[in-house]
Amino acid sequence: DAHANDVTLQLQWVTQAQFAGYYVALDQGFYEEEGLNVTILPGGPDIAPPQVLAGGGADVMLNWMPSALAARERGLPVVNIAQPFKTSGLMLTCWKDTGIETVEDFRGKTIGVWFFGNEYPFLSWMSQAGIPTDGGDEGVTVLRQGFNVDPLLNREADCISTMTYNEYGQVLDAGVSEDELVTFMYEDQGVATLEDGIYALEENLEDPVFVDKMVRFVRASMKGWKWAEENPVEAAGIVLDNDETGAQSEAAQIRMMGEIAKLTAGSNGALDPADFQRTVDTLLAGGSDPVISAQPEGAWTSAITDAALN
Amino acid sequence: MKDKSTVLDNVVFARELDLTFQTNDGPVHALKNVNLDIAKGDFVSFIGPSGCGKTTFLRCIAGLEQPTGGEISVNGMTPDEARMARAYGYVFQAAGLYPWRTIGGNIKLPLEIMGFAKAEQAERVARVLELVDLAGFEKKFPWQLSGGMQQRASIARALAFDADILLMDEPFGALDEIVRDHLNEQLLQLWARTEKTIGFVTHSIPEAVYLSTKIVVMSPRPGRITDVIESPLPKERPLDIRDSAEFIAIAHRVRDGLRAGHDDV
Amino acid sequence: MKDKSTVLDNVVFARELDLTFQTNDGPVHALKNVNLDIAKGDFVSFIGPSGCGKTTFLRCIAGLEQPTGGEISVNGMTPDEARMARAYGYVFQAAGLYPWRTIGGNIKLPLEIMGFAKAEQAERVARVLELVDLAGFEKKFPWQLSGGMQQRASIARALAFDADILLMDEPFGALDEIVRDHLNEQLLQLWARTEKTIGFVTHSIPEAVYLSTKIVVMSPRPGRITDVIESPLPKERPLDIRDSAEFIAIAHRVRDGLRAGHDDV
Amino acid sequence: MKSVLPVLTVIGAILLFWIVSVVPMNMHLTADLAQRQDIVVTPDTPVARQEYSGIGLALRNPQLFGMTYTLDRPRLPSPHQVVVEMWNTIALQNITSRRSLVFHGWVTLSATLLGFVIGTGLGVLLAVGIVYNRAMDMSVMPWAIASQTIPILALAPMIIVMMGAIGIQGLFPKAVISAYLSFFPVVVGMVKGLRSPDGMQLDLLRTYSASPAQGFWKLRLPASVPYLFASLKIGISASLVGAIVAELPTGARAGFGARMLVGDQYGQPLVTWAALFAAALTAAALVGFFSLVERWTLRRMGMQAV
Amino acid sequence: MTGTAIISALALWAAGWFINARLANGAAAKTRLVKLLVPAIFGLTLLIMWELLVRLLEVSPIILPPPTMIAERFANELPTLWADFVQTIIKGAMTGYVIGMLAAFGVAVLADRSDFLTRGILPVGGFMAALPIVGIAPIFVRWLGSDWQSKAAVVAVMVFFPILVNTVAGLRDTTAMQRDLMRTYGAGYWPTLFKLRLPAAMPFIFNGLKIATTLALIGAIVAEFFGSPTVGMGFRISTSVGRLALDMVWAEIVVAALAGSTLYGLMAWIEGRVTFWHPSQRK
Ligand SMILES: Nc1ncnc2c1ncn2[C@@H]1O[C@H](COP(=O)(O)OP(=O)(O)OP(=O)(O)O)[C@@H](O)[C@H]1O
Ligand SMILES: Nc1ncnc2c1ncn2[C@@H]1O[C@H](COP(=O)(O)OP(=O)(O)OP(=O)(O)O)[C@@H](O)[C@H]1O
Ligand SMILES: Cc1ncc(C[n+]2csc(CCO)c2C)c(N)n1
Ligand SMILES: [Mg+2]
Ligand SMILES: [Mg+2]
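Protein chains in written order, with the working numbering: chain W, 3 to 312; chain F, 248 to 512; chain S, 248 to 512; chain Y, 130 to 435; chain L, 20 to 302.
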């Protein structure tokens, strides 16, 4: 019946290879094998997945952990039930000719940052580095970057946020060569936070039927991910098949799949408590405007992955 | 005779009629102590300078305006009852045809509203179009006709449902003199043929004298009746009766009455 | 005399004037072979059924319309030159006052355009307002005045810059008879006092006869002059001259002329 | 007919301005690109070039003019690039393909039309209410105006989330946003139209002692038809704006708005421009369609000279 | 629960409606007080219904916060709201509005000198005014950067066409008689423009200006969604949705509605002053 087998998944962005695992699972019938009937809802720049979850429009969502933990503090008890992405693909990309070599060189520069819940890692990082974010010679001027790379190409910003798998490639596609650029991986700076986890509402997890459904969902999804890692070209093709805008290019999706595979490679779906703690610590170090104010309790559970992966 | 006349003898019977409009600039006394009897078959013209209350009085008869004092009855009923009973046809100064209806459709309008049967509607439209000399124009739209023809169509519209009373507020005001002469002749013929009671507002002295059995001269501020002239002219009136001495005498009396009430332009 | 008259003797001099409008339905022959002389100080009325070209002829005189044939001169110049020389004041059928200007502002309009000094503007406005009996209404807006008062204001506007020629296209068409009589009297007085040359279009026979030294009767399709009547009436004309036999005789002649050209209603 | 030449002239002038602007607009990008291909550019560092305006840089590098018209990712595409992109996505694709702008046009259009029907219906009902009910007349209008001043773009995601919460997805939420933008011009126009009969026309019906319903069907409604069409033409383009706005922030999966968004997000300006022009053509076609219906109706009603 | 909520909301609605019907049809209906009171009661009824429904149906505040919560947020965040208002409305919308308006007037007057141009510009302008110009927002942000200049440009383009079309149409809206009058005075182009055609065009121009006020707000806020500094109403709305601070989103919406209504009201007021002579404005 519907309650036991229907799953609606809210993505946090438009259809692209970042979500290949889920599309593969759908396309290859992995969900069907688990008896699931899965609907994938693409996102957009102003759709907040936690809001959709709260409204009941979806059963599970993908989210970056900072955003999910912030939602939790706001009174929306979301719980991480699986973490297919082991490492972060987030980085800052700067023009080399601006003279930026280290973090200290950011002072006085203009930096493009994504907001909408994606600003937390950056703010924590700057706060740890002791660099104010309100402009001036000593601080950085923050630009709310649309989800594209124009501010860098136009030289409106000296650095912008990019994902290894998407925007960085776009910069290169625009004809820029890698040696014109300097990049700062959050992972290397020690301020990486967990990305693209699977989250559900705490209250639903008290329902054994729902839990069982999630177990099957996570199992099938991870199967999808591993299939995608092994067959990047086919996976990219599946993503393209599911892209209703028809505007994505094959080459870009294949490249993206290759980069994504690097991020998912280290994970079997289970959340590593050390990664969780590192994320929390980074966020708690957020200085005057912390993303979260206290160590979160019950923000993740291994129950689902334990059941799914044995 | 006036004193003995009663509500029932007359088509229209007004006693000490009063009407004051409340406006932003204070009250306007549009009608004051108006007394008038109109007998069945009368052709009564109302003449007077602008603002003397001609239209207002006609609208009181038609139940379109509520007097603030005095009494008025139409066919022995209140004007409102008479209106509900569809006792009269009303012709406005401008033809006021609905532009989205053909001439035929415009004439049919009151018939539709009053629930005449389809067949009868068509028959009546044909008849009144004949009457006002517009046969053949049924399918035309108003703007395809000249001003004079439009005005005749609006008269046809008022005639279509055969009310006994016809109230006309400056129906020919916008037309040129020659067309007007022609329509005046036709109106007289129609009146003679149908024996309707007609109330007719005009600005033109010759028109009033030429048409009426009774001319009501009015005066403004406050609007009141200053003279009621019974015309001695015969029912049969060729156009050149207007050059007769009798005609000129009446016209003189009307003009004097007018000028008296016309202190300011 | 007519044949010997020359361009220079006359204020207006038209010979074999022709004007054809090109319309969607084909050409309209609005004026055909029009010959007319207007001497200085004349009061010329144009009368005729609708569409006979009265307005068109007046507009030709004013240089607002270009004739397609024949010749016409005003004060010995082409009408266009005369227009640029501000040789005439023009009064339209509707008052056509600009609603965003007060009465005073409207009368000032031509003065501003012609570059009169501020002080002189004020003085002239006051003078013409007096002339048309509107002193005290300078600060009012047009819609706050009655139709008759608006029309007088528009006459004042045409008088303000003291052109020698006054062209009036049915200026009193929209007014009631009493107001009209009154304005006719005033216009005659003004004309007597100022010795202007006046061209005057009207639909009303009595008005034409009462005012003019010369009555031009026109006929339509094609628009042409069918009769030119020199009035034997004296310059001094009380209102009741209209009941005189002489007056009625002229009126008769005009009416006959009109009816001849008026085949259809 | 006699407007054809002037219109072509104006369009020509706009095109010319566009074509001329391509050079300075794309100059910086072109110079960066040229330099990587070892073409000599002055000045020779990107940072130094930032000091120049597009025009200044263009004057110094006339050899690059040609290149500015053929960039893959131009800041301002040249007209022929847009035409080629539109040709490729409209004519050369199967119309059911997701790469076809016809497909996306239909997605946006269906939301537009549904929203338009809802908005127009609501607008007409409100207008009737306002004309016939004093309390509504006094209370609704100020709020209807206020409703149009709140940023629909902020509401759009909320409407989509809220309707998603009760299980309604896809077409309908977008249509609601379309309706939100289109009802207002209809209310304003129809109130004007229903009130357009003059005192005499109303009095005429009173002399027949017609019922209010007869007054509505025989007088107010026909009298309001010209106003209705004026409103419909504004309403349908507002509706289209609504559908696109609904697709922009929500990343709706298909439609002109989604194409514009994705073109912006993935650095494909031609996708954005083609979607923009396709939307423009759609708007023109819709408004043109209503103009035709208007002319036909008014002519049949005899309210417009032939 | 749902039943009671809906019933009590409906009861509230009926009560508000009853009061308004009494007021509107009562003797005092024409007084200024009642004219303000009736829409106020209407709005208040809606707000209380909202509060009631949200609370009784226990709607999560991250979906739809109740009005009281929004009001509280509004009061607490005045400095932020003010900064956003300045960035978006004053710098973005108003600048763009003024630029677009001046450009439209300029082009209208130019076009108006030639019948040829007018006939070309009216249809093209009408067509452009019907376009979904919101779509150009990402393009302008790309061209002019993230700060208010790109917002002003979007606004300028959006308001340009409605004002242009209305102004050109207005300049043509003189009667033949009014124009002939000017010709009888031998008046040239400029006196005719200033003394006849501009005054006659005012009702049209204000029609365009009023339409443009709401467009200006939409334009400025839409454009911020495609890139902005870390201040501005569009920025705040988008960021607050991401942070699930829906009360803040609504506080910004309230600011926008207040600003929009005020601008619209201001235009209507000026219109009343300038076109006092027009029949639609006369009392
Ligand atoms: N609805 C109204 N409200 C206020 N005043 C009115 C109204 N209708 C008429 N009046 C005033 O009442 C007076 C008489 O008006 P009415 O229309 O009856 O005059 P009239 O004799 O028909 O004039 P006209 O010859 O100009 O048609 C005028 O002063 C007019 O301004
Ligand atoms: N601008 C124009 N274009 C085409 N035809 C015109 C134009 N002006 C006038 N006409 C036609 O020329 C003829 C003469 O018109 P004109 O206005 O001079 O008549 P009129 O004697 O003034 O009539 P009325 O008494 O109705 O004012 C008419 O048939 C009219 O339709
Ligand atoms: C609703 C929502 N929108 C954007 C992001 C940020 N983000 C996450 S992945 C990604 C990929 C870009 O290629 C981007 C921009 C987010 N976290 N949530
Ligand atoms: Mg009257
Ligand atoms: Mg004429």
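No wet-lab data here; the hints were simulated from the structure. Wrong hints could be hidden among the right ones.
[What the hints assert, rightly or not] List of simulated lysine to any residue pairs, SDA-like, C-alpha gap at most 20 Å: (1) L:Lys54 / Y:Arg424; (2) L:Lys214 / S:Gly343; (3) Y:Lys347 / F:Pro274; (4) F:Lys386 / Y:Lys347; (5) L:Lys229 / Y:Met270; (6) L:Lys214 / S:Ile360; (7) Y:Lys131 / L:Arg292; (8) Y:Lys131 / L:Leu285; (9) S:Lys386 / L:Trp296; (10) S:Lys386 / L:Arg292; (11) W:Lys98 / Y:Glu180; (12) W:Lys98 / Y:Tyr356; (13) L:Lys49 / F:Pro274; (14) L:Lys229 / L:Leu285; (15) Y:Lys131 / L:Leu141; (16) F:Lys387 / F:Glu328; (17) L:Lys49 / Y:Glu180; (18) L:Lys49 / L:Trp36; (19) F:Lys461 / F:Leu437; (20) F:Lys387 / Y:Thr138; (21) Y:Lys131 / L:Phe135; (22) Y:Lys347 / F:Ala364; (23) W:Lys111 / Y:Glu180; (24) Y:Lys347 / F:Leu437; (25) S:Lys387 / L:His297; (26) L:Lys229 / Y:Tyr356; (27) W:Lys111 / W:Thr89.
[To be verified] Some chain S residues flagged as far from chain F (calculated, every beta-carbon gap over 10 Å): (28) Pro296; (29) Thr302; (30) Gly317; (31) Arg374; (32) Trp390; (33) Ser393; (34) Gly395; (35) Glu424; (36) Thr441; (37) Ile452; (38) Glu477; (39) His499; (40) Arg506.
Treat the numbers as computed from the prediction; the structure is a model and nothing was measured. The beta-carbon is built from N, C-alpha and C at its ideal position, and this holds for glycine as well.
Just pull the numbers of the violated hints for me, sorted ascending.
Hints 1, 3, 7, 8, 12, 16, 17, 20, 24, 27, 28, 33, 34, 35, 37, 39, 40 contradicted; others consistent.
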